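Novice: If you want the building blocks of each chain, they are given just below.
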Amino acid sequence: MALDKELLEVLACPQCKGPLEYREAQDQLVCHACRLVYAVRDNIPIMLIEEAQPLQTG
Amino acid sequence: MIDSLSRTNSLVRESFAPVAANYRRSRRHGDPVELRRMLGLLAPTGAERVLDIATGGGHTAAALAPFVRTVVASDLLPEMLVEARELFRAAHIRNARAICADAHSLPFAEGAFDLVTCRCAPHHFADPRRACSEVVRCLRQGGRFYLNDCGVPEDPAAGQFANEVERIRDPSHVRALSVAEWRRELEGAGLDVSLAREVPGSYSLPEWFDQIAAPPPTRARVLERLAGAPSQVRKSFTIDLTPGREVFSTLRVEAVAVRG
Chain S
16 MALDKELLEV
26 LACPQCKGPL
36 EYREAQDQLV
46 CHACRLVYAV
56 RDNIPIMLIE
66 EAQPLQTG
Chain F
5 MIDSLSRTNS
15 LVRESFAPVA
25 ANYRRSRRHG
35 DPVELRRMLG
45 LLAPTGAERV
55 LDIATGGGHT
65 AAALAPFVRT
75 VVASDLLPEM
85 LVEARELFRA
95 AHIRNARAIC
105 ADAHSLPFAE
115 GAFDLVTCRC
125 APHHFADPRR
135 ACSEVVRCLR
145 QGGRFYLNDC
155 GVPEDPAAGQ
165 FANEVERIRD
175 PSHVRALSVA
185 EWRRELEGAG
195 LDVSLAREVP
205 GSYSLPEWFD
215 QIAAPPPTRA
225 RVLERLAGAP
235 SQVRKSFTID
245 LTPGREVFST
255 LRVEAVAVRG
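Quick mapping for you: the protein sequence lines, in order, are chains S and F. Just so you know, we're using this note's numbering here: the first sequence kicks off at 16 and counts up by one. Just so you know, we're using this note's numbering here: the second sequence kicks off at 5 and counts up by one.
For reference, chain S alone in the conformation it holds in the complex (with noise of 0.2 Å):
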């Protein structure tokens, strides 16, 4: 299930409280700022900094 547009309207990277892109596909936010990718589990966002993946270049 996607996560719905009024979450995503709020929802902020917690390293520099920057906006997010939703790769509805692959279940992640991204911040490019900070290059990391937040999985979402279960639909639940883990928007945890130390858990958080690098960004891929490429």
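There may be inaccurate statements among the hints.
As the list claims (entries may be wrong) - Label-pair restraints from in silico Cβ distances:
1. F:Glu228 - S:Gln68: 42 to 50 Å
2. F:Arg31 - S:Thr72: 45 to 53 Å
3. S:Ala17 - F:Gly50: 55 to 63 Å
4. F:Pro221 - S:Gln68: 34 to 42 Å
Since the hints were derived computationally from the structure, they do not count as laboratory data. Source: prediction; values computed, not measured. From the three backbone atoms N, C-alpha and C, an ideal C-beta is built for every residue, glycine too.
Starting from the structure of chain S, add chain F where the hints point.
Specialist: Relative to the frame of chain S, chain F by itself:
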């Protein structure tokens, strides 16, 4: 401070992940009298976007949800959020969402919420001032913060005693604050405090121990510490150690603060 934050967060995970379901079922966390009092104080209009920090079993979020537009229920532990969603499902609540987040680094845009709530959790925060600053950032101007947590008396010796007892039971307990201490934290973060008061609080010890699955040696150490409470400290609490119905009565802090 980063080390202290991650150490505290690790202790919180160790203490609560295995017993998350107990917090959905907890009578203390779901106390209808306390939740009705919160609703009376906040008097939501139905239009509010609410953030409930450290939602645990989801009781605060569930109490507010029928009376507001949306509730975001956040918690450090996904295990707690699974329980909170179960509570929402059972109560037919459809306007609450679960987000895994650390209260010290909230993943929300500035001014995103009209109301922020936090019950029964700030005593686990390594840095309450930083958590309050995050609340301020996430509130719109004029938005309100409702806080309710276990508290301690203003007397420093009594406060230290209560925190020591709490830490024996739960190593992830950092520090419960007095009303005056909370007022300083809230005002220091830039909030205008409209209410800050003590309300009665009481632990029925068998239930209090069972909730966190405290092992027998831990229970024995707590009872021993309570039995040995110095007389000048004892007068701040009700301590009844009658076997089978042990009670430790202390106090809670309740506050409402506004982002000016």
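Novice: Each hint: holds or not?
Specialist: The hints, checked one at a time:
1. At roughly 46 Å, the beta-carbon separation of Glu228 (chain F) and Gln68 (chain S) lies within the given 42 to 50 Å, and the hint holds.
2. Between Arg31 (chain F) and Thr72 (chain S) the Cβ separation comes to about 52 Å, which falls inside the hinted range of 45 to 53 Å.
3. Taking the beta carbon of each, Ala17 (chain S) and Gly50 (chain F) are about 26 Å apart, not inside 55 to 63 Å as hinted.
4. Range check, Pro221 (chain F) to Gln68 (chain S): Cβ separation about 40 Å, and the 34 to 42 Å hint holds.
Figure legend: structure checked against the earlier numbered hints; the only hint not met is number 3.
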